[in-house]
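Residue numbers (our numbering), protein chains in the order written: chain A, 1 to 136; chain D, 1001 to 1281.
Think of the hints as simulated: they come from the structure by calculation, not from any bench.
Every residue gets a Cβ at the ideal spot worked out from N, C-alpha and C, and that includes glycine.
Among the hints, erroneous ones may be present.
[Said to hold, decoys possible] Selected chain D positions facing chain A (Cβ under 7 Å, derived; list incomplete): (1) PRO1096; (2) ALA1100; (3) HIS1129; (4) ALA1132; (5) ALA1147; (6) PRO1151; (7) GLY1177; (8) ASP1184; (9) TRP1188; (10) TYR1192.
[Stated by the list, open to error] Between beta-carbon pairs, the in silico distance windows are: (11) A:ASP121 with D:VAL1117: 49 to 57 Å; (12) A:ASN32 with D:SER1120: 37 to 45 Å; (13) D:ARG1197 with A:THR63: 38 to 46 Å; (14) A:ARG68 with D:HIS1091: 24 to 32 Å; (15) A:GLU59 with D:THR1137: 51 to 59 Å; (16) A:PHE18 with D:VAL1117: 36 to 44 Å; (17) A:ASN32 with D:GLU1280: 54 to 62 Å; (18) A:GLY72 with D:ARG1197: 51 to 59 Å; (19) D:GLU1187 with A:GLU59: 22 to 30 Å.
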Amino acid sequence: MTEIPTQYNLVLILARRFAARLATAVFLVDANGTAIYYNEAAEHVLGRRFIQGHGMPSEEWSTVFHPRDEQGNPVPLEDLPIGVAIHRREPAHGIVTIHGADGVDRRIEITSFPLFAHTDDFIGAIAIFWQLNGDH
Amino acid sequence: MRARIWGSRGSIASPGAGTVGYGGNTSCVEVRLANGEIVILDAGTGMLPLGAELRREGAKRLHLLLSHLHVDHLEGLGMFAPTWSPDAELHIWGPPSPVASLDERIATYFSPPLFPVHLSEVPARVTFHDAAESEWTIGGARLMSSAILHPGPTVGYRLEEDGRVLAYITDHEPVLGADDLATDPPEWTSGYAIARRADLLIHDCQYTPEEYETRVGFGHSTTEHTAAFATMAEVDRLLLFHHDPMHTDAELESIRDEVVRLWGVPEERCQLAAEGATYEV
């Protein structure tokens, strides 16, 4: 669990506010990759309440849900769309299958992009995802 | 440090009999640091009389901190006496933009056809500084800027000297980023890092809740928002600022009374920013 800052960057505040109103799953991380927010729709897909997932470092959230590609091979953090957004600071899109904390496998499609408050001021990344062959 | 109000009106200057008590000039606050350095918060029309005073005094080195570039915070710069003095050294700080430099954006207003002279032609020695999520020092004071919720790039400023803190958040609509200012975690609230435990917070309080209903997204606070924000930030004193140009002195006093009631503090901790008033911090 990382230390909570005095205040999050305004862009992250607005991203969280946006996510909280969105019916589509949203996962928000800070510049270190730490999970700082995910919304109710994401809780459903991940099978875990945010209150249990707040502050998870990237090493944890990128493995705890066992992301796998179409052939069943594990997908490392740097190849996950949100990992690309964090490490390469580029947008990315992909499909993976995860194993939710509720024990359910879900195939999800993910779009991620890095967040810059100002030019070259990387402050985090956001992933928007939805479940294929299931409820959004 | 000592703060003096030269303009506390929002949106547009509003001279007249109904506003003579608190003044009609737009945003401008002079801050004197312990070593005599002069910091100016925003360049509204209050900058005209401030400039005259500084010319009489012979002040040479000035630090202008712009919260944003809306006209009511910028229009005084062209009529500011030191701008036209080759002896003046003017450091201008303001929020950065990803598309144009600070001087380019100021020159959008400070150039023909909106103004007769281009910013690049003024005699003063002007240096521009981006104030994003920044910290720097002036004299013995530590300054901090941070983006706040208002349309377009906008920052609040925190000035700390000898353990005393002045926070300046003039145009602010924190409720747009919050579920409930009364209960939201402070770290998820716009402006909190600037205002936290300030000895004096100068903060937007433009609207009544009834007025706000038709002005959501304009970038300003109501009595309820301001009281909740002051409570969350645990400030000592609150100075209500950016008065609506249509509010008379009597209406402003009614607004102040409502904030005092909502905040639940003695009257002396919550005042209306009035032109000419001075505050020791």
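Hint check results:
1. PRO1096: 5 Å, holds
2. ALA1100: For D:ALA1100, the interface hint is violated, since the closest Cβ of chain A sits about 11 Å away, which is over 7 Å.
3. HIS1129: 14 Å, violated
4. ALA1132: 5 Å, holds
5. ALA1147: Holds. Min distance 4 Å.
6. PRO1151: At about 12 Å, which exceeds the 7 Å cut-off, the nearest Cβ of chain A leaves the hint on D:PRO1151 violated.
7. GLY1177: Since the shortest Cβ distance to chain A is 4 Å, the answer is holds.
8. ASP1184: Violated. Min distance 10 Å.
9. TRP1188: 6 Å, holds
10. TYR1192: With a minimum Cβ separation of about 5 Å from chain A (threshold 7 Å), the hint on D:TYR1192 holds.
11. A:ASP121 with D:VAL1117: 49 to 57 Å: At 33 Å between Cβs, range violated.
12. A:ASN32 with D:SER1120: 37 to 45 Å: For A:ASN32 and D:SER1120 the Cβ distance comes to about 42 Å; the hint holds.
13. D:ARG1197 with A:THR63: 38 to 46 Å: Hint holds: Cβ distance 40 Å, inside 38 to 46 Å.
14. A:ARG68 with D:HIS1091: 24 to 32 Å: The hint (24 to 32 Å, Cβ to Cβ) is violated, given that A:ARG68 and D:HIS1091 are roughly 56 Å apart.
15. A:GLU59 with D:THR1137: 51 to 59 Å: 38 Å, violated
16. A:PHE18 with D:VAL1117: 36 to 44 Å: 42 Å, holds
17. A:ASN32 with D:GLU1280: 54 to 62 Å: For D:GLU1280 against A:ASN32, whose Cβ atoms are near 41 Å apart, the range 54 to 62 Å is violated.
18. A:GLY72 with D:ARG1197: 51 to 59 Å: About 54 Å separates the Cβ atoms of A:GLY72 and D:ARG1197, which means 51 to 59 Å holds.
19. D:GLU1187 with A:GLU59: 22 to 30 Å: With Cβ atoms ~23 Å apart, the hint holds.
Violated hints, in rising order: 2, 3, 6, 8, 11, 14, 15 and 17; the structure is consistent with all others.
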